[in-house]
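Asker: As a plain string of letters, each chain reads:
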Amino acid sequence: MTRTRIGVVCITVAVALLAAGLAGAGTRSHHHTGQNLAVKGTITFDGIWTASSGQKQFADVIKLFNKTYPNVKVNYKPVGDSLPTVLATAVAGGNPPDMADIAQPGTVAQFAKQGKLKPITYAKGTIAKNYVSSWQQLGTYSGKLYALVFKAANKSVVWYNVPAFKSAGVTPPKTFSQLLADAKVIKSSGTPAYSIGGADGWTLTDMFENIYLRTFGAAKYNALSAHKIKWTDPSVKTALTTMGKIIGDTGNLAGGTSGALQYGFNDSVTNAFATPPKAAMVFEADFVGGVVSSSTKAKPNTGFNTFTWPSITPGANASAVEIGGDLFVTFRDTPAIRAFVNFLATAPAAEAWAKQGGFGTGNKNVPASVYPDAITKATEAPISTAKSVVFDMSDQQPPSFGATAAQGEWGLFQDFLKNPKDVAGIQRKLEAAAAAAYKKGK
Amino acid sequence: MSAGGITAEPPVVAAPPPSAEPGRLGRYLVGAVFLAPALFMLVVWMVYPAIYTIVRSFFGQTGFLGTWVGIDNYKTLFTTSTLLTAIKNNALWVAVVPAFVTAVGLIFAVLTERVRWAVVFKTFVFLPMAISAFATGVTWRIMYQQDPGLGAVNALGKTVSGVFSPAGVLSSASPSTPGLQATSSGALVLKTPAHPGSVVLLGLTGIAPDQVPKSAAQAVAPAAKQGDIVGTVWRDFKPGGGKAGVVEKQELGLPGVTVDLRDASGKTVQSAKTQTDGTFDFAKVPAGTYTTAIGAQTFAKPFGGYAWLGPKLIVPSLFIAYIWIWAGFAMVVIGAGLAAMPRDVLEAARTDGATELQVFRRVTVPLLAPVLSVVFITMIINVLKVFDIVYALAPQSEYGKANVIALAMYFTAFQGGGNFGVGSAIAVFLFLLVIPVLALNIRRFKRDA
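Those protein sequence lines, which keep their order, are chains A and B.
In this text, residue positions in the first sequence follow the working numbering: the first is 3, and each later residue adds one.
In this text, residue positions in the second sequence follow the working numbering: the first is 1200, and each later residue adds one.
Please note that the accuracy of each hint is not assured.
[Said to hold, decoys possible] Below, in silico cross-link-like pairs of lysine-lysine (BS3-like), each with a Cα-Cα straight-line distance of 25 Å or less:
(1) LYS1287/B <-> LYS420/A
(2) LYS420/A <-> LYS146/A
(3) LYS1437/B <-> LYS176/A
(4) LYS431/A <-> LYS1424/B
(5) LYS420/A <-> LYS1511/B
(6) LYS423/A <-> LYS1466/B
(7) LYS1448/B <-> LYS1466/B
(8) LYS65/A <-> LYS176/A
(9) LYS423/A <-> LYS131/A
(10) LYS186/A <-> LYS1483/B
(11) LYS1483/B <-> LYS168/A
(12) LYS247/A <-> LYS1448/B
(13) LYS42/A <-> LYS115/A
(14) LYS1437/B <-> LYS1500/B
(15) LYS1442/B <-> LYS186/A
(16) LYS420/A <-> LYS1500/B
(17) LYS186/A <-> LYS1500/B
(18) LYS431/A <-> LYS1483/B
(19) LYS431/A <-> LYS1274/B
(20) LYS176/A <-> LYS1442/B
(21) LYS420/A <-> LYS1442/B
(22) LYS1511/B <-> LYS431/A
(23) LYS65/A <-> LYS366/A
(24) LYS1274/B <-> LYS441/A
(25) LYS1466/B <-> LYS1442/B
(26) LYS186/A <-> LYS1437/B
[What the hints assert, rightly or not] Pairwise CB distance ranges (calculated):
(27) PRO1501/B <-> SER84/A: 37 to 43 Å
(28) SER84/A <-> PHE1363/B: 33 to 39 Å
(29) GLY117/A <-> ILE1250/B: 56 to 62 Å
(30) GLY1378/B <-> LYS357/A: 46 to 52 Å
(31) LYS357/A <-> PRO1412/B: 33 to 39 Å
(32) ASP424/A <-> GLY1378/B: 32 to 38 Å
Everything labelled a hint here was simulated from the structure, so no lab data went into it.
In this text, a Cβ means the ideal position worked out from N, Cα and C, and glycines have one as well.
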């Protein structure tokens, strides 16, 4: 659920001077320190990061902002997991915060459609200088720029138990057929190959999305995300069948199918990195690293490592990256908010967090050298360098289809895990649920 | 007051009687003043939200008084399969849980009257009431874990089953030599026939390195021996996989495995244990055709635990946890009723020769009926509103199976969906379900008064 999204997110931006320059074009500070004292005000900001999950890092970002804008006070409220609930209620009640971070573009679209959000057109220039155009697209709804993807997480990553791979004598696979072959060998070495956290439906949709992306490429992926391709499409059938080769390999899942359904995301990580391991690999995003270091004794490189999601169809798609991310949206429009949004889109803002780890960004001006270690660099750097980046598909759906426990995608993919043979049935149900959700959203 | 000692006080004069009866208006005013705080709370926290919710349920997703959709939200409620499951589950809860809680409470109450350590027992049974339902849900979720290494319930099952059917030494192994096949009993039989002088290779895979006995040495394929059937049982795996069915370097023998030699009719004629290098030797075998097998006990799976949180058992699992919480409440209330019961009636029945069971059924229960109905009705209301324990106990993958109305409302309105229209409709529906039960309760209050 949302907690896990926390980690999911990572991206950013930077260039404090630039921000100061842009935001302050008219009211440019006359002080030599580069401080802008003219912009005053308070910004309330609701976010998911709590003391244990990034509040401190975000506070550092705010501190840096205050060096240029000492008269703007940013009141960050760590709402935690319940952010979507709190935000939905606050918006419905007509009293939203000034700014918020939202992990689901689907929710942003919903708020934008309801006219609750203020466009951030004023930040276009800064964003254009720091991000390639596909990143601007991620924050654009019906032609207007509403959101800045401040933090992004690389979801096209697989984490593996190094000793388990070693004792099976396999190396990280480059292609999907190699992955299946490796999995077979790992199984005969006595350790199940896959650790699935099926109690959290989003781990399953993430797997499907990577498979779809690797098989059919970004264009088709985006079409399916926008429901321009139906879920009954043959391409979905192909992708589901491919996915069935993993989740249908019951004897090769930690705990078998019934275990896979009961383990949540955190369990799937601890299972794979326990001693002795209960499985050899986990398909999830860069934030797996945080769980590994907080809940297991595995050490980087000797205990755990990552490889890129194996390619399925050779070609350009083999390097496409799926991301999840925090979209920053504004519910009001004041000079203080403008200054803050412009600042957040710069490279220094992103670096302030990126150098502490657990943070990825699409900001092309953030050098890969800021990441604190090799594994972080390997997972985060591709986010800004990849030729094609797509956003988590389920997060782009209307939330009732893409982000609600036990219903829509999450619930149906859990049904698929229970019975991976019923591809056609799941396709039918997915399409019915998607159609209903899109109709309701209108 | 001065510290200088006691001063005479003037005698207390009785307050003069109120000069006049306060007027009717005054009395209402006083009443209103006393009532105001409660009324204020009631209106702000109950009446206003209730009316708001009812009105909201006729509008679409986009806000209060947004798009009028008539009864569409209610139609959605009765046509969406997850919501229908929630309604069905609530019906099941009402049918099962209040009756069980009342029955268990009654039994405990009657029995505790007769035990010496009644207070201690009662305290323990009542204790769960002191824990929040959410905490209970989390606790039971851990206790219900399928892995006996994690879940207390299955750990108990494992201890018990371990006594009767111990796990085999190679429980996770599977055959790798072609021709070596699992039989229905769980044994592995090599279909390739063996004769005196044959060498039999029984390769196994799927054995984790830590499961291989410490004494294991490099596996050896023995040389054929005149008149004997020899062979080896080994972990047919080396890093990278190796060749199936071939003894290679880095592959370890599996010591201590019992291998059976079966004749043409399937009868075991000889057994042998493997050495550290995995080899075994059936000496002086009469001419004929044989098969070799590794007995089922070698592969007996340890107790894997029941999927208490799986699709089949999740609803009963929830019931058990919920009854565990509320049985104490029922016991205490019924116990109080029992204490207030006229003993002479019971004595009279016993004197007339009624057995204890008859006394219980014909006297105690009828006399307790008012108390039992209080417990029963309270539980119906509680069960209709059940939310937190389902939310905390059921894994997300089983929310669909475990769904109840209040949970469905929460997910529809607040989580992901953000659909306050349908959410309100669900809330109103739940409200309507509770009303008849409440009415029944109020009527009883009046009668009791």
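Asker: Hints first: check each against the structure and report whether it holds.
Answerer: Against the structure, the hints:
1. LYS1287/B <-> LYS420/A: The given pair, whose Cα atoms are some 22 Å apart, holds under the 25 Å limit.
2. LYS420/A <-> LYS146/A: With a Cα-Cα distance of about 41 Å, the restraint between LYS420/A and LYS146/A is violated, given a limit of 25 Å.
3. LYS1437/B <-> LYS176/A: holds, 22 Å
4. LYS431/A <-> LYS1424/B: Not OK: LYS431/A and LYS1424/B at ~64 Å, beyond 25 Å, violated.
5. LYS420/A <-> LYS1511/B: Within the cut-off at roughly 12 Å; holds.
6. LYS423/A <-> LYS1466/B: Violated: LYS423/A and LYS1466/B sit about 40 Å apart, past 25 Å.
7. LYS1448/B <-> LYS1466/B: violated, 35 Å
8. LYS65/A <-> LYS176/A: Status violated; Cα separation ~42 Å.
9. LYS423/A <-> LYS131/A: Since the Cα atoms of LYS423/A and LYS131/A sit roughly 48 Å apart, the hinted pair is violated (cutoff 25 Å).
10. LYS186/A <-> LYS1483/B: violated, 40 Å
11. LYS1483/B <-> LYS168/A: Not OK: LYS1483/B and LYS168/A at ~44 Å, beyond 25 Å, violated.
12. LYS247/A <-> LYS1448/B: Between LYS247/A and LYS1448/B the Cα gap is close to 32 Å, so the pair fails against 25 Å, i.e. violated.
13. LYS42/A <-> LYS115/A: Roughly 30 Å between the alpha carbons, so the hint for LYS42/A and LYS115/A is violated.
14. LYS1437/B <-> LYS1500/B: holds, 24 Å
15. LYS1442/B <-> LYS186/A: Roughly 13 Å between the alpha carbons, so the hint for LYS1442/B and LYS186/A holds.
16. LYS420/A <-> LYS1500/B: holds, 22 Å
17. LYS186/A <-> LYS1500/B: Holds, at roughly 21 Å.
18. LYS431/A <-> LYS1483/B: Violated, at roughly 65 Å.
19. LYS431/A <-> LYS1274/B: holds, 19 Å
20. LYS176/A <-> LYS1442/B: holds, 23 Å
21. LYS420/A <-> LYS1442/B: Violated: LYS420/A and LYS1442/B sit about 33 Å apart, past 25 Å.
22. LYS1511/B <-> LYS431/A: Since the Cα atoms of LYS1511/B and LYS431/A sit roughly 21 Å apart, the hinted pair holds (cutoff 25 Å).
23. LYS65/A <-> LYS366/A: Given that 25 Å is the threshold and the Cα spacing comes to 22 Å, the pair holds.
24. LYS1274/B <-> LYS441/A: Between LYS1274/B and LYS441/A the Cα gap is close to 15 Å, so the pair holds against 25 Å.
25. LYS1466/B <-> LYS1442/B: At roughly 32 Å apart (the allowed maximum being 25 Å), LYS1442/B and LYS1466/B break the hint.
26. LYS186/A <-> LYS1437/B: With Cα atoms ~13 Å apart, LYS186/A and LYS1437/B stay inside 25 Å; holds.
27. PRO1501/B <-> SER84/A: 37 to 43 Å: For PRO1501/B and SER84/A the Cβ distance comes to about 40 Å; the hint holds.
28. SER84/A <-> PHE1363/B: 33 to 39 Å: For PHE1363/B against SER84/A, whose Cβ atoms are near 47 Å apart, the range 33 to 39 Å is violated.
29. GLY117/A <-> ILE1250/B: 56 to 62 Å: violated, 26 Å
30. GLY1378/B <-> LYS357/A: 46 to 52 Å: Given a distance of about 60 Å, which is not inside 46 to 52 Å, the answer is violated.
31. LYS357/A <-> PRO1412/B: 33 to 39 Å: violated, 50 Å
32. ASP424/A <-> GLY1378/B: 32 to 38 Å: Holds, at about 34 Å.
In terms of the numbered hints stated before, the structure departs from hints 2, 4, 6, 7, 8, 9, 10, 11, 12, 13, 18, 21, 25, 28, 29, 30 and 31, listed from lowest to highest.
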